[in-house]
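Using the hints provided, position chain B relative to the given structure of chain A.
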Amino acid sequence: VSVPSPGAAVRLRVLVIAFGLLAVIFTGTTFLARWYRRERLIRAHHAFVLGESLEAKGRGQEAIELFRDALSVTNRPEYQLAMAQGLIKLGRLDEASLYLHEILQHNPSEAYPNLLLARIAVDEKNDAQAINYYQRAIYGRWSSEPEAHSLDARWELAGFLIKTGRNKAATAELLQLGDQARTTEARIKAATMLLDLHSPNQAADLFREVLKTQPLNTAALAGLGRAEMALGDYRQARNAFASALRRNPADSQVRASLSQADAILALDPTERGLPFSERYARSRRVLQRALSDLLQCGETAAVHAAAQKQIDAANALLRRSLPHRGNGAAEEANLAMAEQLWDARRQACGPNAPPDEVLERVLARIAK
Amino acid sequence: MKAEPAGREGSRLQAFQLGETQRLLLLSILIGVFAGLLIVCFHITMEAIGWGTVAKFGGGRLALVFWPVAGALAAVFIVARLFPAARGSGVGDTKAGVYISDGYIPFSAVVGKFFSCSIAIGAGNSLGPEDPSLHMGAGVASALGRSFHLSRESMRAIAPVGAAAGLAAAFNTPITAVLFVIEEVLSGWSAGVLGSIMLAAVSAVVVERWFLGNQPLFAVPQFELTNVSELAVYAAVGVLGGLLSVLFIKAVKYMRTRAESLPEEMRYLQPAAAGLAVGVAGLWLPQVMGAGYPAIDSALHDRYGWALLLLLGGVKIIVTLLCFSAHIPGGMFAPALFTGAMIGGGIGGLAHLYWPLPTSPASAYVLVGMGTFFAGVFRAPMTSIFMVFEVSASYVIILPVMIANTISYLISRKLQPQAFFALVAEEDGLELPSMEEQREEPALRVEDAMSPPAPVLNKSESVRAALATLRDRDGVLLESGDGLWTYLTKAEVASAAPDAVLETVVPIQPLPRVYPDVSLDSALRLLGPHRVLPVSSRTRPFTLIGLLSLADIERAYGIVRDRGQGRPIRA
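Chains as they are written, first to last, in our numbering: chain A, 1 to 368; chain B, 1 to 571.
Hints may contain errors.
Reference listing, derived: stretches of chain A covered by chain B, where coverage requires no fewer than 3 residues with Cβ under 8 Å from a Cβ of chain B [as the list claims (entries may be wrong)]: (1) 10-19; (2) 45-59.
Below are the DSS-like pairs computed for lysine-lysine, each with C-alpha atoms no more than 30 Å apart in a straight line [what the hints assert, rightly or not]: (3) A/K309 with A/K368; (4) B/K56 with A/K89; (5) A/K57 with A/K89; (6) A/K163 with A/K89; (7) A/K212 with A/K168; (8) A/K57 with B/K56.
Derived CB-CB ranges, DEER-like [said to hold, decoys possible]: (9) B/A235 with A/W35: 43 to 51 Å; (10) A/L21 with B/G528: 40 to 48 Å; (11) B/N214 with A/V14: 30 to 38 Å; (12) B/N214 with A/W35: 35 to 43 Å; (13) B/R258 with A/N126: 52 to 60 Å; (14) B/N214 with A/L21: 49 to 57 Å; (15) A/W35 with B/L231: 47 to 55 Å; (16) A/K57 with B/A219: 46 to 54 Å; (17) B/V206 with A/E147: 44 to 52 Å; (18) B/T226 with A/T164: 47 to 55 Å; (19) B/F107 with A/K57: 49 to 57 Å.
No wet-lab data here; the hints were simulated from the structure.
We treat Cβ as the ideally placed atom computed from N, Cα and C, and that holds for glycine.
If we strip away everything but chain A, and leave its shape as in the complex, we get (with noise of 0.2 Å):
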């Protein structure tokens, strides 16, 4: 048996006091610590407020130097998402991208810097990848009223899919918004929308939808009467008009349109119940309008020469006296005349030139 060294009884002691002194030092080390971490915390906090208040003042570059500093003590996403919104009212897009993802990247279905994301691509000019983050923004995570701000990101897609002239997709976002819109406002901007994107009948259900609840709201009734024009039931669309300027006789939009309904419904010549006289009688009207349209834009002896035998014919057919049978083969001979003149002024004249826009609807109808 070997006998231990006196050496050894004093590295023990030293290694006893050693060890005493290291528990000593990390319980100190460990308050001081957690006074460190705290105090960096309420640093960090202090400096987004402050921030906070800089960039309300419009002092961004401050503003910005100090959310760096909360940021270089924890990457809280607040302070992330105060540090993207600073940087992209600066302008400086790439870096506020960085913060953006560095979010996402721990929260990947937080919608609004999705929102930020997809607003940056927009101005980048990434339409696809601007789409992408407009979907994770409607479909992501809201901290506060999430269906508002939902819906608020779908409008700003669908604002965004018509301004790039994706309509087809447009379209379906503005169902779903008509679908969920909970105020009568939001619905009608819905339909107007889907109208101007050429879905009358989209358009007319859902202001049919909110005539249900309110039969007295003018711009429903005003914007069921366009989708009917646009649909070509001039009748109900006259209702709708002449609804909506009994209710507010000075809108004069609403006015214009009604006489526009009134004159189509009075030009007409297929409108069911007239008389052989009435439908013979507007016929001729018809023919008349389309051969003065003719001549009104193209003036030009090129034009004459191109469309005179039409002209010719017109001018023939505008000679003879009312024939005694009503079977109908006089008036179909002005309408067909008609639709062949219309034909030549939209070659002769091109596009620029302005129609006669109840001629154009009454036509559209006939050929239907």
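Same frame as chain A, now just chain B:
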């Protein structure tokens, strides 16, 4: 009854009887933990001082100018009047402790470094906490070593262990710390020492992360090499980093010489002026104040344009030069990284705009640039490369970093013979070994000293034949079989009967064999009691290609002995 507790005590002591290596390893962990705790406290104190001074909310512009001056004066006062052992940046003092004082570093140096550097750096002076941390770690190790009554050799080994622990905790990079100590502090290392250094560094980093969190020093974005042509731009970063490092070292030498020549009463004027310069620079460029890590982080995230990056790099060199030359306590690691990062980023930003082919964003150059100035100033190329690698955790970056850092290192070596720490030590009147010079020193090998092979006897030959061979020489090699040789002296052979066979009359004692590539130092150790060593080739170990004697070794070292008295007459 009394014998039993004594016996128990004895067995406890027996259990504690560890070998020297085991004790060193155990002590290394203890050193690492102590150093880690100390550096955590140092870090917190430094930052807390910053909160109360330059980083105070609503402190105003005047505070930005006042505090660096006050901090510099207070720190210099502490070192000059209270803790004179705490002067210097830290690396040179640690080396002095290892090579001059047998590993003794006074604990007052640790205390002095702690307070003076916390105040100076916390108050915004342009210096870093790493070199002081290294010194403090070494000081803690030295104190523990003394408490454990370590031998002189172990004491010398233990100070670098603490140095690695201190640096690892300060920089949060254990590999870099280990490499730096190996490259800059240790002249040679064994497996035991390396193990101790690693254990201490890892322990220190674990403690540091335990208290301050797992966050790395920089949040480095993903790096990728955009185009191979970019390597030319990285090379340019290396060239500029190297040239600037040379300029910096020369400027340090000039400034410190000038400072030394100033009268005693001017002692406090220099730090005050340096602090004032930092404060004034901080009014427009607050990034240059203190260690500057947040600014490096910002640069790594492309938050600065190329012009600002270059400006920051240039201003940082000037303010650091002023602070360091004025003997304000603090280290050079962080300023070197800052300068390199900003200069690299500036060049990268310019290349991103004007280079004809696609290049990476400036942040990639910030990362690469970080190591170039460091490599040029400290002449620790391996540390500079691994530091960037460790900080970025990106393998792709290795190639540009190696190119840029090697170029910077070579330019610095070519244009500035003395490395930074050697220069500073010399300024302080210390003659410390330069690790770089030691690495560069050509080693003498057996092939430089060996003489041609003499005739070799066979063990089956007769004594008579052997005496014929030994007529004009003192001894000869005898092939003893199995490819081994033994040395026979004339006297050993002459005493035997002439017709006897050699193997029956001469004791066969095989000689150790050496190879031509073995260093003369190792060969000398092997030569020991033998008069001569056989030299054979590694590919044909049984073929004798030369002989090595003490005279051969002396001749290789240029020592010629007086034939009569045997004393050296020329070296």
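Taking the hints in turn, this is what the structure says about them:
no., hint, verdict
1, 10-19, "holds (count 7)"
2, 45-59, "holds (count 3)"
3, A/K309 with A/K368, "holds, 26 Å"
4, B/K56 with A/K89, "holds, 27 Å"
5, A/K57 with A/K89, "holds, 13 Å"
6, A/K163 with A/K89, "holds, 23 Å"
7, A/K212 with A/K168, "holds, 27 Å"
8, A/K57 with B/K56, "holds, 21 Å"
9, B/A235 with A/W35: 43 to 51 Å, "holds, 48 Å"
10, A/L21 with B/G528: 40 to 48 Å, "holds, 46 Å"
11, B/N214 with A/V14: 30 to 38 Å, "holds, 33 Å"
12, B/N214 with A/W35: 35 to 43 Å, "violated, 20 Å"
13, B/R258 with A/N126: 52 to 60 Å, "holds, 58 Å"
14, B/N214 with A/L21: 49 to 57 Å, "violated, 27 Å"
15, A/W35 with B/L231: 47 to 55 Å, "holds, 48 Å"
16, A/K57 with B/A219: 46 to 54 Å, "violated, 30 Å"
17, B/V206 with A/E147: 44 to 52 Å, "holds, 49 Å"
18, B/T226 with A/T164: 47 to 55 Å, "violated, 31 Å"
19, B/F107 with A/K57: 49 to 57 Å, "holds, 52 Å"
The earlier numbered hints that this structure contradicts are 12, 14, 16, 18.
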